[in-house]
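Asker: Given next are the chains, with one letter for each unit.
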Amino acid sequence: MRAETSAQTSGCTDVVPLVERGQREVFCGLTGIIWLHRKIQDAFFLVVGSRTCAHLIQSAAGVMIFAEPRFGTAIIDERDLAGLADVHEELDRVVGQLLARRPDIRLLFLVGSCPSEVIKLDLSRAAERQNQIHHPAVRVLNYSGSGIETTFTQGEDACLAALVPSLPGLPASTDTAPALMVVGTLADVVEDQMRSLLERMGLQVSFFPPRNSQAMPVVGPNTRYLLAQPFLADTARALQSRGAQHLPAPFPLGVEGTTAWLQAAATEFGVTPEVFEQATAAPRQRAEKALAVQRQMLQGQRIFFFPDSQLEIPLARFVHRELGMDLVEVGTPYLHRQHMAAELALLPAGTRISEGQDVDLQLDRCIADAPDLVVCGLGLANPLEAQGITTKWAIELVFTPIQGYEQAADLAGLFSRPLKRRLKLAA
Amino acid sequence: MQLTLWTYEGPPHVGAMRVATAMTDVHYVLHAPQGDTYADLLFTMIERLPRRPPVTYTTFQARDLGGDTAELFKDAARQAMARFQPAAMLVGSSCTAELIQDDPGGLAQALQLTIPVVALELPSYQRKENWGASETFYQLCRHLVHKPAAEKPAKVRPTCNILGPSALGFRHRDDVKEITQLLNQLGVDVAVVAPLSASVADVQKLAEADFNVVLYPEIGLAAAQWLQRQFDQPYTKTVPLGSHATRDFIAEVCALTSLPQPAQDPANAHAHWYAKSVDSTYLTGKRVYIFGDATHVVAAARIASQEMGFEVVGMGTYSREFAREVRDCAKRYGVEALITDDYLEVETQINALQPELILGTQMERHIAKRQGIPCAVISAPVHVQDFPARYAPQMGFEGANVLFDTWVHPLMMGLEEHLIGMFREDFEFHAGAAPSHLGSTRPAAENVAPVVAAPVATAVSATAAASSATPAHPDTLTTDSVQKVAAPAQAASNQATWSPEAEKELGKIPFFVRGKARRNTERFAQDLGVATITVETLYDAKAHYSR
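Chains as they are written, first to last, in our numbering: chain H, 608 to 1034; chain P, 13 to 559.
If we strip away everything but chain P, and leave its shape as in the complex, we get (with noise of 0.2 Å):
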C-alpha cells in the first residue's frame, strides 16, 4: 500500500481512454463500476472536447456482483456496435473489474463482431497512465497494421508517419502541425498522425510510410519499435524539441531519407536571436529545477543549459519507464536525478535547492506558488489552462518561441530587476514587489521563513556567480557554493537564534539573494556550533562561503 495525496498518472485505462479518445472511429468497451465515467470529464472539461469520449462502461453495481458481470459486459458491448458502429474495438476492465476476472477478450470474442477486436490487458496495480496509452497503442498496430505489398508504389516525396499524439496531451494538437509543416518543408509528406485523428483504416498503412517520426515516446515508442521490427521501417530518435534538438531532428529526418539539409534556420525562428540580447544577459546561470514526463524533462534540461544559459541545479520525472534516460541526462549535468510519483518528494527536494526558476507539470506550478518561485508548465499532467485556444506548440521552431516566452515570463525582466538591485530601499522597487508585468498582489508565502518577506523575493534572483563578482554589489552575501546545498531537511533546520544587529544586516542584503544568505550563514553556525547570530557570524559565513 502506498499513501497517495496526489498522483501524476491516472491508471492505465485512463491511457487506454486518451487513445481511444483520439481516433476517429475506435469504441472502447470498458468493464467497470458506477463511478468510473469521471474519466470523461478529464476529456470533456481539461481537453474541453465538444463530443463523448467513445467509451462504454458496464457501470456494475453491487447488487449486480452476485449476478452475471459477464453477461452485463456483453450487452454493453453488443449495445455500443449497435449505437456507435465502430470500424474497431477496444475492450478491456478497469482495476475493480480486474479483480472480478470476468475476461473481455473472450467475452467479445463470442459475440463475433464483424470488426476487429482488441483485447486490452492493463494491470492497474503495477502500471500506470502512460503505459496504458503505450500498450493500447501498440496493440491496435498489432491487431491492425497490414503488410505492404511487397512493391512499393513509387513516389515523388518521401513519406512518414507521426507517432504518439494522443487526447490530454501536453500541446500534441499544435505539435503535430507545428512537425507537419516542417517535415512537408524538408520535402517529407505526413502519411499518417496516430493515434491522434486517426481512423482504423489509417492505422492499418501504416506500414506504408518510409518511416516513423516518434513525438512522444511515452505513448509511440513501443509501437514504433515493432513496426521497426516488423517492417524495417526506421524510427526518429530525436524529438525536436528546442533550437538545437530541432535541428538535429531535421539532420536525422535528411539522413534517413537522404534529403539536402537546409543550410539555415527559417525566417520565424526567434528563439535563438532573443537569447542572445543583452536583456537575456541576467538569465546567465539562474538555477533552474526541471521535473515532468521523462521526454520534456531530458529536452527541456537541454534547452535550459544549451539555449538559455541556465544552471541545471536539479531533475527528476514521473515516468518510470525513462528512468534510465533521465538518470543518463542528470548525470550530464551533474546532478542526481529524481524519479518519484510522490509530490512531496519534488517538493522537498525543491525547497532544498531553493531553485530561482521551476519547470514542471501543475503539481510543481502549485508547489513553486506556495514557495514563491517562478514557475513554467513543460509537462503533463496540467489543468485546462494549458489546453490554449491559440496556437502553441513546444516543438520544432515556434515551438522555441513559446518555450523562451513561457519560460522567460514568470521571471523578472532584465531591466527590472536590475532596477531592484539599484534602488532596493527605494519604496517602489522592495522585495515584495512582483514582476510589473505579473500583477501586484501575491499573498505572503507561508513557508518562507519570515525575514525572506516577499515570495517574489526568493525567486527572482540574480545569479550567485553574478552579484558576487559585481562590484556593484559589495554587501552581497551569497557563493557558488550555494548552489551544492543538496541534503534537504538540513537545509531547512534552524538552530541558530539571530541577534537583532545581524538580522538587521541581513535585511540590507539585497532581497533575491537574501534567502540564500539566511539559509547559508544558519548553516555555517551550525556547522560550527554557534548559538546565536551575530553581524560577525554573517561576515564569517560569507567569506567562508566565497572561497
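For reference, chain H alone in the conformation it holds in the complex (with noise of 0.2 Å):
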C-alpha cells in the first residue's frame, strides 16, 4: 500500500468527470445474461426482441450456446409488427414451446431489447399473465436489457432490481437479529470463500442472487447488506425499499479491497478486532505475497481505462494502489457516486475520470497518451494492438473470478499476462 496516497484522503471524491457524448462502444444489458444464466440455475432467460439480440447473445456466449442453454430470443417479425398476430398470444404459444421443452425451469424472465421497447411492449402485463398461466409450476419477471437502457452490467441490476420485490420477507411481528446479505453475482468459489470468511467471524450471510430460484434469500427492515458488484444501483434502491440497509465500503477487489469490504460488515455486526484478525490474517499474507510477484512485472506501467462495465474505477484503485499502476484515464460507462464514494476516495487526486463515451475521442487521447496497457473491449482491441499498443480486453474481467483474497494475484495476472506476452514476443 502506498503511504502517500492514503494520507490523501479526499483522492477524488469531488471528482468533476470529463463527461462525453457521443458513439458508444459498447455492450447492451442482454448481455448480462451470459453470466446470470450460469448463476440462477433453473432460471430461463427469453429476449423479447430481433435478430439483432439473438444474434448479439450467440456472438458473446461463444461456444456455451450448445450446453442446451437457458436462454433464448423470441424473434419479432413482421406479422407481430404488422398487428398481423396479437403478440401478447404469439408470447403465449413461445412461452408454451418453451416450457414444455424445458420442464425443469421453474423461473422465467422475459427480457425486454431496444425493439420490444420502441414498440412499446408491455412486458411486465406478459410477465404477469404467463404467472397466470403457469403458476406455480413457474414464476414469470421481465426486466429490461435493452441498449437504449442498459450498458453491459447494468442488465445484472435490471434483472436484481426485478427480482427483489418477489424476495420472501419477514413476519413483522418478530424482532431478529440483523442479518447481512451479499448483492451480486459471484463466482460460485469466489462466494463459498466469502462465505467461510464471514462464517469464521460468526456471521450468518445469504448471497443474492442466490444459485436456485427456489432459495432467494429473506430481506427486511433488519437486513444490512454489502454490494459484491459497483453496478447494482437500481437493485440496492429496490432493497432499500425493502427496508434494508446499504453497508458502504469498497469492492472486494484486491487484498485491500477485500479486507475493507469484510470489515464495514465485521464493524457493522460488532466483530472484534481480534476475531477479524484471525480469520483473515492467514489468506490476506497469502494473497500479499502472490501479489508481490505481479507488482514487479505493472509497477510504474501506465493504464488507460475505457468504460464498460462499472468495474472500471475500483480496478483503477486495486491496479494503482497495490500494483503501482499509474492511471492515465479511467473511464466508466456510469458514476454513481454514492456507492462509489469509499473507492473514489481511495484514487489519486488528479486522477482523470470519465463518464460515457465518444470513441473516436477518446481513442485520440488513449494513442495521445500512449499508455503501457488500455483496457478496451474486443471491437478495439486488436485495433489498438495493430497500432502497438498493448491491451487486456475487459469482458474477462466481468466473467472470470477475480473478487476475494484468493483471487487477487489472479486479477493481477489478468493485467500482466499481456505484457509478459510482448515482452516475450519482442524477444
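The hints are simulated quantities; they were obtained by calculation from the structure and are not laboratory data. Think of the CB as a built atom: it goes at the ideal place given N, C-alpha and C, for glycine as much as any other residue. Keep in mind that the hints are not guaranteed to be accurate.
[To be verified] Coverage of chain P stretches by chain H, computed from C-beta distances (three or more under 8 Å per stretch; other residues unrestricted): (1) 18-31; (2) 34-48; (3) 51-59; (4) 68-74; (5) 87-101; (6) 105-115; (7) 136-142.
Dock chain to chain to rebuild the complex, using the hints, since each chain is given by itself in its own frame.
Answerer: This is the structure:
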C-alpha cells in the first residue's frame, strides 16, 4: 500500500468527470444473461427482441450456447409489427413451447430489448399473464436489458431489481437480529470463500442472486447488505425500499478492497478486531505475497481504461494502490457517486475520470497518451494492438472470478499477462 | 414470433457491414441503439482484422428518443465524413432504428455531402445477413458503376471481375487468390475483385471488364445480374468448388473468352489421385450429411458423391433465397432438402439419419460433437479457427486438395479402420478408441444409448454395404436399407427391452455398425410388437433388413 496516497484521504471524492456523448462502443444489458444464467440454475432468460439480439447473445456466449442453453430469443417478425398477430398470444405460444421443452425451468425472465421497448410491448403485463397461466410451476418476471436503457453489467442490475419485490420478507412481529446479505453475482468459488470468511467471524450470510430460484434470500428492515458489484444502483434502491440498509464499502477487489469490504460487515455486526484478524490474517498474507510477484511486472506501468462494466474505478484503485500502476484515464459508462464514494476516496487526486463515451475522441486521447496497457472491449483491442498498444480485453474481468483474497493475484495476472506476452514475442 | 436459440445468420445490417468492411474507402453510418456495436467484434475477433470496421453508430439511448434522433444521425454522419473522409458513404438503420422511422437516406441527402451516398433499405424483420450483403453490394453497384466508353480500349488479354467475396466470408481471402491464379493461367486478367479490397473507384469501373466471375452467389449474384442487364456483361454460373466443378468453370470461362481449354489439370491437382488411391477405398459409400449455405452445400454434395464416393443421405440449407437450387440438387441424390434456420431441426434430422460424416457449419460441428459423429466445416457461420493463418482455399484445384484433407481427416484412416474391425476384442482396438491422429480423450456422448458406448463408435463405421458383403464380417448386422431410415423421432424411440443375452450378442457386433444394428432391431421389434428383444429377434431383424 502506498502511504503517501492513502494519506490524501480526499482522493477523487470531488472529482468532476469528463462527461462525453457520442458513439459508445459498449455492450447492451442483454449480455448480462451470459453470466446470470450460469448463476441461477433453474432460470431461463427469454429475450423478446430481434434477430440482432439473438445474434448478439450468441456472439457473446461463444461456445456456451450448445450445452442446451437456458436463454433464447423470441424474434419479433413483421407479422407482430404489422399487428397481424396478437403479440401477447404469440408470446403465450412461444413461452408454452419453451416450457414444454424445458420442464426443469422454475423461473422465467422475459427480457426487454430495444425493439420491444420502442414498440412499447408491455412485458410486465405479459409476465403477469404468463404467471397466471403457468402458476405455480413457473414464476415469470420481466426486466429490460435493452441498449437504449442499459449498458452491459446494468443488465444484471435490472434483473436483480426485478427480483427484489418478490423476495420473501419476515413476519412483522418478529424482532430478529440483523442479517447480512451479499448482493451481486459472484462466481461460486468466490461466494464459497466469502461465506467461509464471514462465518469464521460468526456471521450468517445470504447471497443474492442465489444459485437456485427456490432459495431466495429473506429481506426486511433488519437486512444489512454489502454490494459485491459496483453496477447495482437500481437493485440497491429496490432493497432500500424493502427496508434493507446498505453497508458502504469499497468493492472486494484486491487485498485492500477485500479487507475493507469484510471490515464493513464486521464493524456493523460488532465483530472484535481479534476475531477479524484471526479470520482474515492467513488469506490476506497469502494474497499479499502472491501480489508482490505481480507488482514487479506492473509497477510504474501506465494504464488506460475504456468504459465497459463500471468495474473500472475499483479496478483502477486496485492496480494503482496494490500494483503501483499509474492511471492515465479511468473511463466508466456510468458513475454512481454514492456507491463509488469509498473507491473515489482511495484514488489519487487528479486522476482523469471520464463518464460516458465518444469513442473516436477517446481513442485520440488514448493514442496521444501512449499508455503501456489499455483495458478495452474486443471491438477495440486488436485494432489498438495493431497500432502497437498493448491491451487487456475488458469482458474477461466480468467473466473471471476476480473478487476476494484468493483471486487477487489472478486479477493482477490478467493485467500482467498481455505485457509479459508482448515482451516474449518481442524478444 | 419465433423461438430461437441459435441463428445461422445475423440481421441484414451485419451483411451491409461485411460489404463496407471489405472495401477500402467506404464508410457506413448506421442508425442504431447503444449495444449494436457488438458486431464490430465479429470482424476484429473472428476475422482478426487489425482495424476497426468502417462503421459509425449513432448509439442512441432511451433519453434521446423523446428528442431528436434524426439530428443525432446527422451529427454522426457529418462527423464520420470529417474524420474518415470516405469516397462513398452507406447510410441505413438497424432493426430498432427501423422502428423509430427516421429516414437516414433523406437525412444524409440534406447534408449535401460531396461524395456518393447510398441509402440502404434493409428490412430487418424479414431478411437476414446474406441478403443484406447482397442488397448492399447491388445498391453500391447501381449508384457507382460508370457506363463504359463505347469503344473499349484494345486489350491483349480478356478481363473479368470477381464478384462476391466479402469480409467475414468463409475462406474468401484464399479463394480469391486461387481463382485469380487460375484465371491468369488461362489467359484472363482480373480487373476488379469486389467488394473485398475494392475501392469506390474500382467499383465504378466494373462495367469495363469483359465478364464477371460470381464466386459467391449469395452476395454477388444480384449485382452480376444487374450488370448483365445494364451492360450485357455475362457472368459465370459455375462455382469452382471441387475438381469437377473447377474443370466446368474453366470450360465456361474458355467458352466466354474463346480461349483454348487446357488439356490437363495442373500439377498441383492431387485430390483426384488421392481419392483413387487404395487407402481411400474405405471412403466408398460413407453416409454423409451436408448443411450450410446454398452454394457450399450444392458443391459439397457433388464432391461428396462424385469425387469422394460418399453417399449423400441428407442435405439442407439456411439460405432461403436459394432454397429452389438446393431442393433441385437434393433430388439428384434422392433425398429431401431441409430448408430451415432452426438448428434444432437440423439436429433432429442428423439424429434420425445417423450419418458417418457431417459436413456443415460450426453449429453442425457442435451437433456432431454431441452425437460423436465426425465432422468437417464447409460453410459459414464459422468460428475463429476457420479463419486460418495458412493458405486454405476451398475453390480451384488447391481448394480440392484442401477439401480432401479436411473431410478425410476426422474419419478413421483406411488401414486403421480395418485393424479395428479385425482386432475388435483387442484392448487397444476397442469401441472407445478415437482415430489415432485425433487424440485419445473424448468425453462420452450423453445422447448416445449406453451400449453404443463410445462416441467415435457410431461415427467411424465401415459402410453398411461393404461390411455386409464382406465374408470377413459374417456377424455384421447391417444392411443397405438402414440408409432409408428417415422418420425422425421414430428411430430414436425405444419400446422393447433387450434381454441380457441379446445385449451381449449385440456387443459382439463391430462397434462401428452396432448403433445401426441396435436401431434396426428396435425398429423391427417395434413394428412386430415384440416386447423383449432376444438373440432370435436380433438375427430375425438382420435377416429382415438384408433382404
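Asker: Hint by hint, say whether it matches the structure.
Answerer: Here is what the structure says about each hint:
With a cut-off of 8 Å between beta carbons, the region 18-31 of chain P has 7 residues touching chain H; three or more are needed, and the interface restraint holds. Judged by the Cβ-Cβ criterion of 8 Å, the region 34-48 of chain P is covered by chain H as claimed, because 4 of its residues qualify and three suffice. Here's how the region 51-59 of chain P fares: 6 of its residues keep a CB closer than 8 Å to some CB of chain H, so the rule of at least three is met and the hint holds. With a threshold of 8 Å between beta carbons, the proposed coverage of the region 68-74 of chain P by chain H holds, since 7 of its residues qualify and at least three are required.
Judged by the Cβ-Cβ criterion of 8 Å, the region 87-101 of chain P is covered by chain H as claimed, because 3 of its residues qualify and three suffice. Given a C-beta distance limit of less than 8 Å, the hint that chain H covers the region 105-115 of chain P holds, as 5 residues qualify and 3 suffice. With 4 residues having a beta carbon nearer than 8 Å to a beta carbon of chain H, the region 136-142 of chain P meets the requirement of three or more and the stated coverage holds.
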